[in-house]
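For reference, each letter of the sequence shown is one residue, going 1 to 283 in the numbering used here.
Do not rely on the hints blindly, as some may be mistaken.
[Stated by the list, open to error] Taking CB as the label site, the calculated pair distances span: (1) N227 <-> T253: 16 to 24 Å; (2) L143 <-> E119: 19 to 27 Å; (3) E127 <-> D279: 28 to 36 Å; (4) V218 <-> E120: 23 to 31 Å; (5) D159 <-> D185: 16 to 24 Å; (6) D76 <-> C2: 24 to 32 Å.
Just so you know, the hints here were simulated from the structure itself, not pulled from any lab data.
Cβ coordinates follow ideal geometry from the N, Cα and C atoms, glycine included.
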Amino acid sequence: MCAHELGTSDWGDWLPREVAEADPAGVDIWYLGCNGFVLKASCGATVLVDPYCGLGDPPRTVRMVPVPFDPEVFGDLVEPDAVLATHEHSDHVHEGTQAPLVASGADYVAPDDSITVVEEEGWTDREGVDAADIDEVAEGDTLSVGSLRIHVEPAHDPDATHPVSYVVEHGSGTFFHGGDARPSDAFTDVGERYDIDLGVLAFGSSGMLLDKETREPVYKRWYSSPNEVAEAATQLELDRLLPSHWDIWKGLTADPRSVRDHTRSFAHPRTVEVVEIGDRVSL
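Whenever a hint applies, use it, and build me the whole structure from the sequences.
Here it is in structure tokens:
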């Protein structure tokens, strides 16, 4: 099996059809597993963040949750407006998942090192993917997608070369996606400048992982620990925290319910929302 091969979904078209037929009062948000999300606003604008339908790199990384949709079917039914990438890793910049969405008419929005991956993989060689649809962004940039105003903010991810986070503002509230980032002064600054209603933070665990080169088992700590998630949520002053990324890799999954015990004594977040792949919440 090739690394990060596109998986086959056995969910049919129910999830993209649900997104396509949804009529949110404000913004509805679907969790796609891993660190992927779909946001749909009351105006119909639809944005995906870090969607990933790949199978990992077995036996190093083995996908533990279903592949939630076929990207071409999703593109045809939903016709998304934009796909956002937080950083350059394969489960965040994935041609098999994301190029068909761009070919369906979505703009691809990502920082420079993520765009470099797109260029190296030759996405524009795919039929329907135009270089004009690929937009490089950096910290401090702002873009509008329908009624959604998207701000590009810094992020601290020691495993990435140029990560960013996104703040998505709407009349009904503000959503934050931190990518795979960990606590940092950057989050404190973001928390001071925005009133964030719902924030997504990557939550993980430690374990043994095969090295990419030697294929020997090595110790790996991925994403934020429960204490780090609590610290990041406090820095961002989140009203609601949604832990993500805990479900994806065999041997490195974690229990998101444990996050509640680590945040209980802090003013933020006020609530911890635990969702599974395919679940829908409202902003």
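Each hint tested on the structure:
A C-beta distance of roughly 18 Å is found between N227 and T253, which places it inside the suggested range of 16 to 24 Å. For the pair L143 and E119, the beta carbons lie near 21 Å from each other, so the given range of 19 to 27 Å is met. Roughly 34 Å separates the CB atoms of E127 and D279, a value that falls within the hinted 28 to 36 Å. Take V218 and E120: their Cβ atoms lie about 26 Å apart, and the range 23 to 31 Å holds.
Checked against the hint of 16 to 24 Å, the pair D159 and D185 passes, with Cβ atoms roughly 18 Å apart. Take D76 and C2: their Cβ atoms lie about 25 Å apart, and the range 24 to 32 Å holds.
In summary, this structure violates none of the numbered hints.
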